[in-house]
Amino acid sequence: MKRHRLLMPLVAVVMIAGALLGGQAPEPADLNAIFLIKDEGFERSQVMEVLSYLTDVHGPRLTNSPGIKAASKWTMAKMNEWGLANVKQESWGPFGRGWSNEKVYLQATAPQKYPILGLPKAWTPGTDGLVSGEVVVAVIASAKDIENYRGKLRGKFVMAAPALPIAASFAPLAKRYDEKTLDEISRQPPPAPPGRRGGGPPSVPGAPNPQQELNRQRAELFVNEGILATLEPSRGVNGGTIFVLGPAAAGTTGAARGMGFRDPKAPKSFPQLVIAAEQYNRIMRTLEKKIPVTLEMNVENKFYDDDLNAFNILGEIRGTDSAGEVVMLGAHFDSWHGGTGATDNAAGSAVMLEAMRILKATGLKMRRTVRLALWTGEEQGLLGSRAYVKAHFADRPTMTLKPEHAKLSAYFNVDNGTGAIRGLYLQRNEAVAPVFQAWMEPFRNIGMTTLSIRNTGGTDHLAFDEVGLPGFQFIQDAVEYDTRTHHSNMDVYDRIQPSDMIQNAVIVASFVYNAANREQKLPRKPLPKPQPPTPAPSPTPTPTP
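Under the numbering used here, think of the first position of the sequence shown as 8, with each following residue one higher.
I should point out that these hints are in silico values taken from the structure, not numbers from a laboratory. Any given hint could turn out to be false.
As the list claims (entries may be wrong) - Simulated pairs of lysine-lysine, DSSO-like, Cα-Cα distance not exceeding 30 Å: (1) 80 <-> 120; (2) 409 <-> 296; (3) 110 <-> 76; (4) 528 <-> 367; (5) 414 <-> 95; (6) 275 <-> 76; (7) 95 <-> 536; (8) 85 <-> 372; (9) 151 <-> 296; (10) 76 <-> 95; (11) 159 <-> 296; (12) 397 <-> 536; (13) 532 <-> 372; (14) 409 <-> 397.
Stated by the list, open to error - Okay, the calculated beta carbon distance ranges per label pair: (15) 180 <-> 531: 35 to 45 Å; (16) 124 <-> 64: 23 to 33 Å; (17) 155 <-> 274: 20 to 30 Å.
Since the structure is predicted, the reported quantities are computational estimates derived from the model, not experimental observations. Glycine is no exception: its CB is placed at the ideal position from the N, C-alpha and C atoms.
I would like the entire structure built from these sequences, with the hints used as guidance.
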């Protein structure tokens with residue numbers, strides 16, 4: 008820590024000298040304020056203590072679960088302790104029922120006894136006590152497969168996916184961006200070939216979805232057959248890492264997983280577990296030898312139907328101007344349930360909380376109000392941030408603007424794990440590039456050097472960007488995000504890089520301070536055109552036996 012005391016005055020000297028030698032910067036940073044921000048953030052950081060409470064004490068934080076509600080209560084108390092204003096939960100919804108996993112026990116009992124590492128998918132039921140039975144393979148790829156398995160699955164554990172080939176990995180699981188990679192990120196990617204911008208053929212409104220119908224028939228078969236549970240191998244890396252989300256409903260994947268299962272009136276389902284790929288493959292190879300395999304399982308999952316709405320967490324440092332303009336910073340507060348949601352995204356939440364603490368502790372005056380938002384429902388499709396944007400700024404389908412739309416200067420987001428901030432994605436906002444270039448200068452010596460004109464997707468800045476507001480995501484070192492921690496049982500406190508977290512909070516606090524005191528709001532792109540939603544076919548419900 009002592010090295011930061013030596014570096015901070017040196018940074019100020021270098022920046023002043025650079026201004027004298029190279030002419031006045033177009034967006035001069037307030038070096039005295041940045042000195043105070045660095046001193047508070049580097050010398051008295053609380054970011055790792057906050058992170059431990061969010062993860063070790065309260066995680067995981069599935070939206071509408073008891074865990075996220077307890078974590079929210081603790082977080083708001085901490086925000087009030089720091090002296091933030093207008094600390095509150097803002098309800099949105101409906102989201103659907105809450106869910107938590109209380110117990111998982113899974114053991115092979117024949118031909119050999121061994122424990123099996125596995126986790127249930129979110130919003131799937133438990134087993135109603137200890138159950139045991141044989142394992143069968145039922146990989147359903149067509150309607151013909153449905154008929155082949157009818158009458159053969161009752162009381163069985165169903166292996167519902169092929170074996171997953173496993174090979175040795177000779178590449179490191181963790182990495183930081185080198186200069187070549189950062190240079191590639193900074194460049195505009197080539198346009199997609201004509202007709203392929205969405206990665207596939209254009210959709211036809213109301214057209215039938217063959218995969219959706221096959222999934223419906225598959226679920227109907229498993230329910231009517233009375234299976235004990237489905238088993239699937241964990242994707243991606245192996246070595247005991249389990250990546251688990253929610254079940255794919257109505258043919259959906261990715262962020263939309265679990266849709267429909269959150270409805271208290273959803274049709275009856277069955278336990279669905281993801282298990283370690285090595286153990287899944289062992290069972291599969293044994294069955295291929297015509298040797299029966301039996302398992303026993305006890306899974307306790309709970310549903311919570313008392314409040315189907317979710318919430319976002321808000322708090323402010325009020326500005327000195329009376330114009331009512333705002334700078335926002337945020338991160339998603341929710342997680343999946345396999346680990347404790349550390350890199351995704353307690354890391355981002357803790358960084359933003361620490362940035363607010365730094366700004367408050369320094370006593371720096373800011374013209375615009377600075378508002379922190381911690382979102383829920385991000386993992387199910389940016390639901391919380393989009394609900395907030397619709398309530399406060401604009402309706403995306405019609406592009407009907409609300410008065411607050413004109414008052415927001417910018418929104419800054421962190422949601423790419425524990426890695427050090429290396430720059431920002433500009434979301435094709437060319438006009439903001441020279442502003443951010445100047446604001447990055449005090450952090451160039453700790454690796455923040457890159458601006459990328461590209462869009463980047465998958466997180467809450469998109470809710471702002473898609474209604475024409477300046478919304479930005481920071482570029483971060485990958486570390487182990489995609490290879491080990493993202494949505495896995497390894498997403499825990501011990502995978503966090505403390506030095507990265509400390510400097511990330513300092514960088515965010517600096518950018519927020521500069522935006523709050525800039526003479527004008529940050530420049531905007533032209534408003535997008537209205538985008539009416541595409542009608543979807545009505546799903547056929549799965550009957551209850």
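Verification of the supplied hints:
Of the pairs offered as hints, the one joining residue 80 and residue 120 is violated, with about 43 Å between alpha carbons and a cut-off of 30 Å exceeded. Restraint check for residue 409 and residue 296: the C-alpha separation of about 66 Å exceeds 30 Å, so the hint is violated. For the hint linking residue 110 to residue 76, the alpha-carbon distance of about 20 Å falls within 30 Å, and the restraint holds. Restraint check for residue 528 and residue 367: satisfied, since their Cα atoms lie roughly 22 Å apart, inside the 30 Å limit.
Between the alpha carbons of residue 414 and residue 95 the distance comes to roughly 21 Å, so the proposed pair stays at or under 30 Å and holds. Using a Cα cut-off of 30 Å, the hinted pair residue 275 and residue 76 holds, with the two alpha carbons roughly 27 Å apart. Between residue 95 and residue 536 the CA atoms are separated by roughly 33 Å; this puts the pair beyond 30 Å, and the hint is violated. Distance check on the hinted pair: residue 85 and residue 372 sit about 21 Å apart at the alpha-carbon level, within 30 Å; holds.
The hinted pair formed by residue 151 and residue 296 meets the criterion: a straight-line CA distance of about 25 Å does not exceed 30 Å. Note on residue 76 and residue 95: the hinted pairing holds, with a Cα-Cα distance of about 13 Å set against a maximum of 30 Å. Between residue 159 and residue 296 the CA atoms are separated by roughly 19 Å; this keeps the pair inside 30 Å, and the hint holds. Among the hinted pairs, residue 397 with residue 536 is consistent with the structure: their alpha-carbon atoms are about 16 Å apart, no more than 30 Å.
At most 30 Å may separate the alpha-carbon atoms for a hinted pair to count; residue 532 and residue 372 meet this at roughly 29 Å. Restraint check: the Cα-Cα separation between residue 409 and residue 397 comes to about 9 Å, which is no more than 30 Å; the hinted pair holds. A hinted range of 35 to 45 Å holds for the C-beta pair residue 180 and residue 531, which are about 40 Å apart. Hint check: residue 124 to residue 64, Cβ distance near 24 Å, so the stated range 23 to 33 Å holds.
At roughly 23 Å, the beta-carbon separation of residue 155 and residue 274 lies within the given 20 to 30 Å, and the hint holds.
The structure shown violates the earlier hints numbered 1, 2 and 7.
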